[in-house]
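Asker: Spelled out, the chains give:
Protein chains: 4
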Amino acid sequence: MRHETVDLIFNAAIEVFAESGFDQAKMDDIARAAGVAKGTIYYHFRSKEELFVGLMNEGVQKLIDRARQYLKLHKSPTDQLLALVENQIHFYVQNGKLAKLLLNEAFGTKTRQVQFRRKIGEYLQLIEEVMIEGNRLGEFQIKHVPETASAIFGAASVVVLQKLYSMEEVDPARIERDIPPMVETVRRMVLCGIKDSTYC
Amino acid sequence: MRHETVDLIFNAAIEVFAESGFDQAKMDDIARAAGVAKGTIYYHFRSKEELFVGLMNEGVQKLIDRARQYLKLHKSPTDQLLALVENQIHFYVQNGKLAKLLLNEAFGTKTRQVQFRRKIGEYLQLIEEVMIEGNRLGEFQIKHVPETASAIFGAASVVVLQKLYSMEEVDPARIERDIPPMVETVRRMVLCGIKDSTYC
Amino acid sequence: MRHETVDLIFNAAIEVFAESGFDQAKMDDIARAAGVAKGTIYYHFRSKEELFVGLMNEGVQKLIDRARQYLKLHKSPTDQLLALVENQIHFYVQNGKLAKLLLNEAFGTKTRQVQFRRKIGEYLQLIEEVMIEGNRLGEFQIKHVPETASAIFGAASVVVLQKLYSMEEVDPARIERDIPPMVETVRRMVLCGIKDSTYC
Amino acid sequence: MRHETVDLIFNAAIEVFAESGFDQAKMDDIARAAGVAKGTIYYHFRSKEELFVGLMNEGVQKLIDRARQYLKLHKSPTDQLLALVENQIHFYVQNGKLAKLLLNEAFGTKTRQVQFRRKIGEYLQLIEEVMIEGNRLGEFQIKHVPETASAIFGAASVVVLQKLYSMEEVDPARIERDIPPMVETVRRMVLCGIKDSTYC
DNA sequence: CATGAATGAGAGTTCATTCAT
DNA sequence: GATGAATGAACTCTCATTCAT
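Residue numbers (UniProt numbering), protein chains in the order written: chain U, 1 to 200; chain L, 1 to 200; chain Z, 1 to 200; chain S, 1 to 200.
Source of the hints: derived by calculation from the structure; they are not laboratory data.
A hint or two may mislead.
[To be verified] The calculated SDA-like cross-link candidates involving lysine to any residue, where the alpha carbons are at most 25 Å apart (straight line), are:
#1 Z:Lys97 - S:Lys62
#2 L:Lys110 - L:His90
#3 L:Lys48 - Z:Asp29
#4 L:Lys110 - U:Gln24
#5 Z:Lys97 - Z:Asn87
#6 S:Lys110 - Z:Asn87
#7 L:Lys119 - U:Gln24
#8 Z:Lys119 - S:Ser166
#9 L:Lys26 - L:Lys97
#10 Z:Lys38 - L:Val6
#11 L:Lys75 - L:Gly138
#12 L:Lys48 - Z:Lys26
[Stated by the list, open to error] With beta-carbon atoms standing in for the labels, derived distance ranges:
#13 S:Asp28 - Z:Lys72: 49 to 55 Å
#14 Z:Gln125 - L:Glu4: 56 to 62 Å
#15 U:Ser47 - L:Tyr43: 36 to 42 Å
#16 L:Thr109 - S:Thr109: 31 to 37 Å
Using N, Cα and C, we set each Cβ at its ideal position, and we do this for glycine too.
Please put together the full structure from these sequences, using the hints given.
Answerer: Here you go:
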């Protein structure tokens, strides 16, 4: 089992990083939120960057794990792809802070960004695998698999974030009601993007 | 005509901000890149934040202006929507640095982010207007206009950025060849998302 | 006649310096208050310091000139001394901002402070001359002339400033009513300080 | 016991602030004088202003504490008042730097000045209490207690500062010899100001 | 005489990181 | 394992002064 203190730090860090972004997040705030001394963080993590990377990997891993669960519930690639979209949107709504970091910190040339993108790549891989299987079974005719995966990922991401940040204050009940339109929107896009070859 | 020095600063700032993000960008670097003294920037802009907001507004305005040009070339909402997608992808490829900032700095609660999102909202508005007109003419059956606009915007954004940052080094010739698959991918998604109601 | 622009600058500078003190006063503010360009100030004055010294000299000179007028109205040294006190208090009330600078900028080792103190010394000289004449005529028995002059000057200064700054907002009517008690207070102190030798 | 480092900083700060005034004092200089890093000051004080206010409060508190000691040594209000004057002058001579700040930074509308004036008000209160008691016992006939307290405070302050800054260099032996005339001067003023009503 | 854009040295403040306890 | 006082490099922003027009 992971050390208890590390959990404390992780939980605090995800809040603070997501609230402020990597640069604006202060180790002081993380320490205070975790209820430990600042030195303690450095006892467990070499640097702010290492803490961040560990955190992001864990966050994306959760998304991946949930996605894997969803995949098992469906047989056909079509259903699986739709399930992935639904999962991603639900996950974003439930982890709005992480979602923001996913877009904010994913692009760039810094080490942490490259590492983070690699982890996101694992998730995109999952989508691509379903697509390839669908192509193989003749269920899809996707010509540009990586592009299509990115597009779906981006559509789902921005739909949720735009919704989250267009509200004055995040109202859990309200956002819950907003999920179905978002899911349906992306779902419809996905379905066309993969089905036939001579534009819908 | 705008003052020459301000142009110098603007051009330098877009480079530096895009390279490093808002927080990591240093006013010293912007000044050096612009070939002016640091104080000169502060003579023309009240703060780093004001410079950034001015810059982003100008950048998004360029995207909007180009989009308006494209819209004039087409009559039917369908063609107009596809033109908007194509325009956005081309614009991103040509202004990769701005594109990155568009996602990186758009979400958050800080003043500059709220202002920036408002400007992006102007662009989304453009998409939505085409959608509403298409709905009116019976060409589209879009149930959730804002969500669909966000999804298209997000799909086009992430497709390009993922491509740009998956390459070791940005190779202009290579990226030029990559445009058509990206355009086609999003175009297909768009076409389904708007055409008929009982999934494609 | 002094150049018109110089007057503009002088009048603006006294306001700004008195409002903010030497260090906090900005040449930009003075220029704006004077309605001239910043460069214009430097056309007429070598530096901020030179402007300040010129200004202070002029301010104290006004106090001295008024004092000289008052002195002419009275014959006996006793009446003259009391007139000086009354003059100083009235002058302070009417030029509260200058009064503040008089204490704020008078003590220190910087060139401008030394020069300023020298000018204030001219005013103290005036007091001392009356004292010496009073001593000669047997009207006073002042043992320590410079100390006594300083004490009177200090008493009058602090009484007014303490009053001015103890009020939430400076109310001209209110402060006008407060003059007599201040004058009487210092006047009584003065009278004893100079009359007999075995404590009053 | 207060933290050792804070003492280091306090002692250095009083030197530097008094030497240069609030605005000209540099945090770098204070840090160097204290033998700590600049960041260390900010670990203990939120800002330059907070450091200054803390310092001034402590300085005036010392004056107040000493004054309270002096008051205990005397019974009659007359003796007590004279003791206060003597104490103030001695204190100023021994703490010339603080004395200068007392006048330089006491008047103005900035937060630190208002707070500082409030602390000085505590000292003036002490004087006023003695005056009121003297009035009650019939020993004094002071009509304007606050004005008289201010006047005495101002007289004592300016007498010392004028003396300190009229010397080319501060010579401890010389200034020691100058104390009696200063004390006597103010003492005589005080005695009249409070004794009888029909001018001395 | 007058202007105001440009300058750059220098100020206060922040914060990731270290290390003696 | 854990602490938190101490650090100092680096940052944004200020403003007196200059000078070409």
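Asker: With reference to the structure, classify each hint as holding or not holding.
Answerer: Going through the hints against the structure:
no.: 1; hint: Z:Lys97 - S:Lys62; verdict: violated (30 Å)
no.: 2; hint: L:Lys110 - L:His90; verdict: violated (29 Å)
no.: 3; hint: L:Lys48 - Z:Asp29; verdict: holds (23 Å)
no.: 4; hint: L:Lys110 - U:Gln24; verdict: holds (11 Å)
no.: 5; hint: Z:Lys97 - Z:Asn87; verdict: holds (16 Å)
no.: 6; hint: S:Lys110 - Z:Asn87; verdict: violated (29 Å)
no.: 7; hint: L:Lys119 - U:Gln24; verdict: holds (23 Å)
no.: 8; hint: Z:Lys119 - S:Ser166; verdict: holds (13 Å)
no.: 9; hint: L:Lys26 - L:Lys97; verdict: holds (16 Å)
no.: 10; hint: Z:Lys38 - L:Val6; verdict: holds (21 Å)
no.: 11; hint: L:Lys75 - L:Gly138; verdict: holds (14 Å)
no.: 12; hint: L:Lys48 - Z:Lys26; verdict: holds (22 Å)
no.: 13; hint: S:Asp28 - Z:Lys72: 49 to 55 Å; verdict: holds (54 Å)
no.: 14; hint: Z:Gln125 - L:Glu4: 56 to 62 Å; verdict: holds (58 Å)
no.: 15; hint: U:Ser47 - L:Tyr43: 36 to 42 Å; verdict: holds (38 Å)
no.: 16; hint: L:Thr109 - S:Thr109: 31 to 37 Å; verdict: holds (34 Å)
Of the hints listed earlier, those the structure fails to meet are numbers 1, 2 and 6, in rising order.
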